[in-house]
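*Asks:* Read off the chains here:
Protein chains: 2
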Amino acid sequence: MKKIEVIQNVLEANEIIASRNRQLLDKHKVLVVNIMSAPGAGKTSLILETLTRLKDRLNIGVIEGDVASTVDAEKVQSEAKAVVQINTRNMPESCSLMAAMIESALKDMPLNDIDLILIENVGNLICPAEFALGEHKRVVISSLPEGDDKPIKYPLIFVDADAVVINKMDLLPHVDFDIGAFRRSIAGLNPDVEVFELSSKTGEGVEKWCSWILEQTKADATR
Amino acid sequence: MKKIEVIQNVLEANEIIASRNRQLLDKHKVLVVNIMSAPGAGKTSLILETLTRLKDRLNIGVIEGDVASTVDAEKVQSEAKAVVQINTRNMPESCSLMAAMIESALKDMPLNDIDLILIENVGNLICPAEFALGEHKRVVISSLPEGDDKPIKYPLIFVDADAVVINKMDLLPHVDFDIGAFRRSIAGLNPDVEVFELSSKTGEGVEKWCSWILEQTKADATR
Chain B
10 MKKIEVIQNV
20 LEANEIIASR
30 NRQLLDKHKV
40 LVVNIMSAPG
50 AGKTSLILET
60 LTRLKDRLNI
70 GVIEGDVAST
80 VDAEKVQSEA
90 KAVVQINTRN
100 MPESCSLMAA
110 MIESALKDMP
120 LNDIDLILIE
130 NVGNLICPAE
140 FALGEHKRVV
150 ISSLPEGDDK
160 PIKYPLIFVD
170 ADAVVINKMD
180 LLPHVDFDIG
190 AFRRSIAGLN
200 PDVEVFELSS
210 KTGEGVEKWC
220 SWILEQTKAD
230 ATR
Chain E
10 MKKIEVIQNV
20 LEANEIIASR
30 NRQLLDKHKV
40 LVVNIMSAPG
50 AGKTSLILET
60 LTRLKDRLNI
70 GVIEGDVAST
80 VDAEKVQSEA
90 KAVVQINTRN
100 MPESCSLMAA
110 MIESALKDMP
120 LNDIDLILIE
130 NVGNLICPAE
140 FALGEHKRVV
150 ISSLPEGDDK
160 PIKYPLIFVD
170 ADAVVINKMD
180 LLPHVDFDIG
190 AFRRSIAGLN
200 PDVEVFELSS
210 KTGEGVEKWC
220 SWILEQTKAD
230 ATR
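Line by line, the protein sequences give chains B and E. Per our numbering: the first sequence = residues 10 to 232. Per our numbering: the second sequence = residues 10 to 232.
Note that these hints are calculated values from the structure, not bench results. There's no promise every hint is true.
The list treats identical chains as one, so a pair stands whether inside a single copy or across any two.
With a cut-off of at most 20 Å between alpha-carbon atoms, the simulated EDC-like pairs for lysine to aspartate or glutamate come out as follows [claimed, not checked]:
#, residue 1, residue 2
1, LYS84, ASP187
2, LYS84, ASP185
3, LYS227, ASP122
4, LYS210, ASP179
5, LYS146, ASP185
6, LYS90, ASP35
7, LYS116, ASP169
8, LYS227, ASP65
9, LYS217, ASP35
10, LYS146, ASP35
11, LYS64, GLU216
12, LYS36, ASP179
Using the sequences and the accompanying hints, generate a full structural model.
*Replies:* Structure follows, in structure tokens:
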């Protein structure tokens, strides 16, 4: 079973680079949040809302992961202190960011002038669950139109999350989504996870999410 | 770069098994449609609508691919002639169905009594683009809440598609989605692709999609 051996090596190599990233980040007192979701769940919009509300209190960098294009990096450019776009199209694992890609990106970040880096992972509920990047917090966004069964169908990414954001709450009257059932599925997989209900479009609930991010940076600064 | 060599071998091995699947399917005059999308775009709902409308005219089998759970197979069980669930959680590529998984599934399908097999791939816009399964037609579903930029961000899966379904048209008044821009992006990548606008929820546009499926089975039967 040659393939399985190689995959383990890739994951092991990734872990080593992830720890190195983490050491570098801790040295510079930079908090890193890895934001993961299915395509179109609203990662970029939530990052934009977070930048708008916190940019006067924190210096925020953004690392944008996409298979192709720079559309997301262009959207956040004016609000962030620094932005790096990673395109994974021709990389060995195109379906997730990996620690080595973050290691490269961090070289382009002014770490001494940054408090927080938001990483927008590739839109995918499977691969990003497997690759640590050196981040301090892992966040999964689920949006209402995707349906409430995602934790049952993609459990791994929810098991390791520090926070789950239920996004597009403004669409609740128009879609079939049982918030109670979704919360129960999440709690079954990960009882301690923080859950935020919000809409990046209307702004509802975004303040609470931003307060949580601020708290994490404070906890990080007192290390 | 050992890993790239191994990945190429996996892809080559996959192609060989995919051709073998295709030969078996052609021998039994079974049309196979590989349905791909991001999580929650509506693969299962569209399959259910297709079963409901075509089950009196075609014998339809369904192969359900998921990382975990059998919730989708349970939903389609009563309407399909035969259903096989594949869980990829512990398989070497958990982010896509692969030809070898389909080869196993076909052994559980009564191919002599089946006209059409709908394969619901794992919810993912990246990995499934790389793995041929032996299918005759490749379909990508994009749903309005995901946003109109998906062809720009995940081009590969759209380049090779025979049809693109724009789903959840009932949500058009509630989301920002530029159908013209989406169609232009698709046309730029793949000028000959069929595009269907529909809502599995209201039924709008589903008839036209089902007619296309019927046409494909007829073209298939005259081979």
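*Asks:* So, for every hint listed, does it hold in this structure?
*Replies:* Hints versus structure:
no.	hint	verdict
1	LYS84 <-> ASP187	between (32 Å within a copy, 17 Å between copies)
2	LYS84 <-> ASP185	between (30 Å within a copy, 16 Å between copies)
3	LYS227 <-> ASP122	within (16 Å within a copy, 64 Å between copies)
4	LYS210 <-> ASP179	both (8 Å within a copy, 19 Å between copies)
5	LYS146 <-> ASP185	neither (30 Å within a copy, 30 Å between copies)
6	LYS90 <-> ASP35	within (19 Å within a copy, 57 Å between copies)
7	LYS116 <-> ASP169	neither (27 Å within a copy, 36 Å between copies)
8	LYS227 <-> ASP65	within (15 Å within a copy, 63 Å between copies)
9	LYS217 <-> ASP35	neither (25 Å within a copy, 57 Å between copies)
10	LYS146 <-> ASP35	within (13 Å within a copy, 50 Å between copies)
11	LYS64 <-> GLU216	within (13 Å within a copy, 50 Å between copies)
12	LYS36 <-> ASP179	neither (40 Å within a copy, 50 Å between copies)
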